[in-house]
Amino acid sequence: MSENKAITGAAPGISKQHMGLKASRTLANTLIHILLVVISVIWLIPFICILLQSFRVESTWQVGYVVPQKWGFDNYTRLLSTDFPRWYLNTFIAALFTALFQTIIVLCMSYTLSRFRFKMRQGLMRFMLILGMFPGMLTMIILYRVLKDLGMTQSNAVPGLILVYIASSGMGYYVSKGFFDTIPKSLDEAARVDGATRFQVLMKIILPLSKPIVIYTVLTAFMGPWGDFVFARYISFGASAGKNVAVGLYDWLSKDQINQSYTMFCAGGVLVALPVTILFMCLQKYYVEGVTGGAVKG
Amino acid sequence: MTTKVTQERQGSFSALKCILTVLGVILLGCLVCLLVGGLLAGLKTSAVAITVVMYVLGLLLLPFVITIIVRWRTLYATYQDRDSLATLRLGKWMKLNFKLVKLVMGIPGFLKELGLKIWHAIKAAGIGFARECRDTVTTFVNGDWKTKLSFLVMGFGCLARGQILRGILFLLFEIVFIGYMVLTGAYWLSMLPSLGKVGPQEVYNEIWDTYTTTYNDNSFKILLYGVLTIFFIIAFIYTWRVNVKQNRMAEQILASGKKLRSGKEDLRSLVDDQFHKTLLALPLTGILVFTVMPIVFMVLVAFTNYDGAHDGYASNLFTWVGLTNFNTMLTWQAGGGTQSYAATFGEVLTWTLIWAFFATFTNYFLGMFVAMAINKKGIKLKKLWRTVLVLTIAIPQFISLLYVSKMFAKDGILNGFLLSMGWIKQALPFWEDPVWARITVVIINIWIGIPYLMLITTGILMNIPADLYESARIDGANAWQQYSRITLPYMLFVTGPYLLTSFTGNMNNFNVIYLLTGGAPTNAAASSASGSVGYTDLLITWLFKITQGADSKYYLASVVGILVFVVVALISLIVYNVLPSIKNEEDFQ
Chain C
1 MSENKAITGA
11 APGISKQHMG
21 LKASRTLANT
31 LIHILLVVIS
41 VIWLIPFICI
51 LLQSFRVEST
61 WQVGYVVPQK
71 WGFDNYTRLL
81 STDFPRWYLN
91 TFIAALFTAL
101 FQTIIVLCMS
111 YTLSRFRFKM
121 RQGLMRFMLI
131 LGMFPGMLTM
141 IILYRVLKDL
151 GMTQSNAVPG
161 LILVYIASSG
171 MGYYVSKGFF
181 DTIPKSLDEA
191 ARVDGATRFQ
201 VLMKIILPLS
211 KPIVIYTVLT
221 AFMGPWGDFV
231 FARYISFGAS
241 AGKNVAVGLY
251 DWLSKDQINQ
261 SYTMFCAGGV
271 LVALPVTILF
281 MCLQKYYVEG
291 VTGGAVKG
Chain P
299 MTTKVTQERQ
309 GSFSALKCIL
319 TVLGVILLGC
329 LVCLLVGGLL
339 AGLKTSAVAI
349 TVVMYVLGLL
359 LLPFVITIIV
369 RWRTLYATYQ
379 DRDSLATLRL
389 GKWMKLNFKL
399 VKLVMGIPGF
409 LKELGLKIWH
419 AIKAAGIGFA
429 RECRDTVTTF
439 VNGDWKTKLS
449 FLVMGFGCLA
459 RGQILRGILF
469 LLFEIVFIGY
479 MVLTGAYWLS
489 MLPSLGKVGP
499 QEVYNEIWDT
509 YTTTYNDNSF
519 KILLYGVLTI
529 FFIIAFIYTW
539 RVNVKQNRMA
549 EQILASGKKL
559 RSGKEDLRSL
569 VDDQFHKTLL
579 ALPLTGILVF
589 TVMPIVFMVL
599 VAFTNYDGAH
609 DGYASNLFTW
619 VGLTNFNTML
629 TWQAGGGTQS
639 YAATFGEVLT
649 WTLIWAFFAT
659 FTNYFLGMFV
669 AMAINKKGIK
679 LKKLWRTVLV
689 LTIAIPQFIS
699 LLYVSKMFAK
709 DGILNGFLLS
719 MGWIKQALPF
729 WEDPVWARIT
739 VVIINIWIGI
749 PYLMLITTGI
759 LMNIPADLYE
769 SARIDGANAW
779 QQYSRITLPY
789 MLFVTGPYLL
799 TSFTGNMNNF
809 NVIYLLTGGA
819 PTNAAASSAS
829 GSVGYTDLLI
839 TWLFKITQGA
849 DSKYYLASVV
859 GILVFVVVAL
869 ISLIVYNVLP
879 SIKNEEDFQ
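Each protein sequence line maps, in turn, to chains C and P. According to the working numbering, the residues represented by the first sequence are 1 to 298, in order. According to the working numbering, the residues represented by the second sequence are 299 to 887, in order.
Simulated from the structure, these hints should not be mistaken for laboratory data. Just so you know, these numbers come straight off a predicted model, no measurement behind them. For glycine and all other residues, C-beta sits at the position ideal for the given N, C-alpha and C. You can take every hint at face value.
Facing chain C, a subset of chain P residues (Cβ under 7 Å, in silico):
#1 L577
#2 L578
#3 I593
#4 F595
#5 W683
#6 I693
#7 P694
#8 L700
#9 V702
#10 N806
#11 L841
#12 F842
With these hints in hand, go ahead and build the complete structure from the sequences.
In structure tokens, the structure reads:
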């Protein structure tokens, strides 16, 4: 404080002003802390509720309170006797294959668009922009018919779904392209001067540097099928063995099933959320990097 | 002292002028609407009275609007030459006034630019096409016998000149194409104009002594394979053209004394300078087959009468009906409900736009606010707050949405809690009342969207150089000024395109609306082909509902889909053209 007076050479009034500023700043910070606590609570409430409700055994329909009166694992064991394990497996397989192939396709697409300058590049990007303006739902009907002819619908929906997911995934290249744009071209040039083919440049130089974006792409590709509702519902139309978890759980909440299945829905929801959330939190760093880096520039 | 007084009076005077300008804009808008509406109504001759009324009103407004426009032109002319300096000296209200006038005066110029761009694009396409034709002819005339023969037998030129691999590929393609056309292609093409002649028939079967249905033509397959055949033909023409070009290039290379690429060199180039072709082959094929083709197909369906009762095979054939479906969607006659399709469409479109606007911008600003709050100096446990929010992204959205929708139900947890605390007497109608439902949907979308926006904004906020804030603080700017002059323009500049994609994405945000409300509460008066339209339905959920149900009118769904595309394209076009001009004007450094 005395140093302050020495530096500013000020009268006592100024230091009081300084103290007032500091107090108001602490007040603001406290308020913001309280706000953040409130926000965190509000954001987490639904998930806490689902978790609690999944342990409720005294009733299976929707009630107006949160904390169960009787706790137990009934809902989880009941899950095993329905088609839920089959749905889970379906979704898991779909997610696995989608993660693998979608990553390959998206990386091919974004690497090409970032690194190569060919005649149709601008036209291609604009074309895909316009293509993206059509509502995705339009393609559903005809894809269903085509897949039906190929035998990949209803009970056999999983291969059909995988095909649909990965086939058009090339259109989602923005984030990855943004990332590749940040890798300096001089690396490419140096390698090519040394005689490497473009293929070798990709494999030996660019890919090792792209770990964050590869992990980001794999993560988002893996998480996609877990949450897809419309396509899965349309393609597995009617057949319970072909549904994925989203469709199955949605049907449990329909008017005729909700009274028996509400708590099962909660249990199912917890089981679905758990692996995805854990995977996500482990790879959180890469996701955040991908979103903040590529999503905005792309 | 006197200058201050006159300045103040000028200030309030300018505020008045500003308000007058806004009124003028509104009047101008009304005039345009009246004229256009009158024109449209006039096209439907049954509404003569409306046309007359609209035009009369328009004529009455005309003198006012003309005076206003004249005033604007003088204002614009006065300040346009001495642009930056003079406008900088204007007071706050006069500056706003000027900006508004500039925006409105810029519209004719903008439209003219747009028209010119489209015209140039068409001209370029025409010139390109003519050039290709001319090129082909000169290649034929000037080429040697190998080239001339290649016109008929694709790949001959390559084979004859030693490029075995290329030659074989071309030849193979031609054989496959001709084989396809002869075997099935010609059939599909011939049936395309009629989409099938013989539908399902009841035939008397003697063995079983009953009538059985025999299925004959299949309109769906005809349309599908017909479109595929047309694509194939286009691909063939393109490949044939490449074949011709190859011949000409080969002749030129040989004439200049160089060697042609052998097959091995071709293969090697596929992993080197032609690597992009290798990389793009698979993704582009996937997109072509699974996105482009279905979209083309569905656009064509909008011109047929394909629905549940005419599914092209089992129930009935479907045929081309031209623009009838568009007429049905955009007429003022009732169909299904007590409202016309056009009115329903207008209502759903309005709500879609309002929803997209609120969903995008509430998330944007609130997310930015939360990110700034967490980022502020002196806040502890930054990572904890961010992790909690990121956690909500990790959990699959459908679970959150489905559960939260049940939470807000009449017998749900929230109502139960409020009732048990005695704060309300009966359950709040979150999903039953239209206005409540709409507001609740927006609020829940905020809950979903803020974590993403927080992540994005945090990344950008950390990039803003801190000394900008320092210098602002030294100059005496308070927190709000710092925000509006430094943070906000920077953010808007960087995330401009993201906002646009977010807006159009929200317009087509199926999951949030369908899983939360399913479109409820139902709008009893609205027309719909099947099921019912609700107050929270977006265009895209309406589209989905139309395709469900026994009477699924796919053609209507296609029409809605096309209209959605038109709206999204229009908005994107306008914003993309306004954005760069803002970027140039705004000096955000």
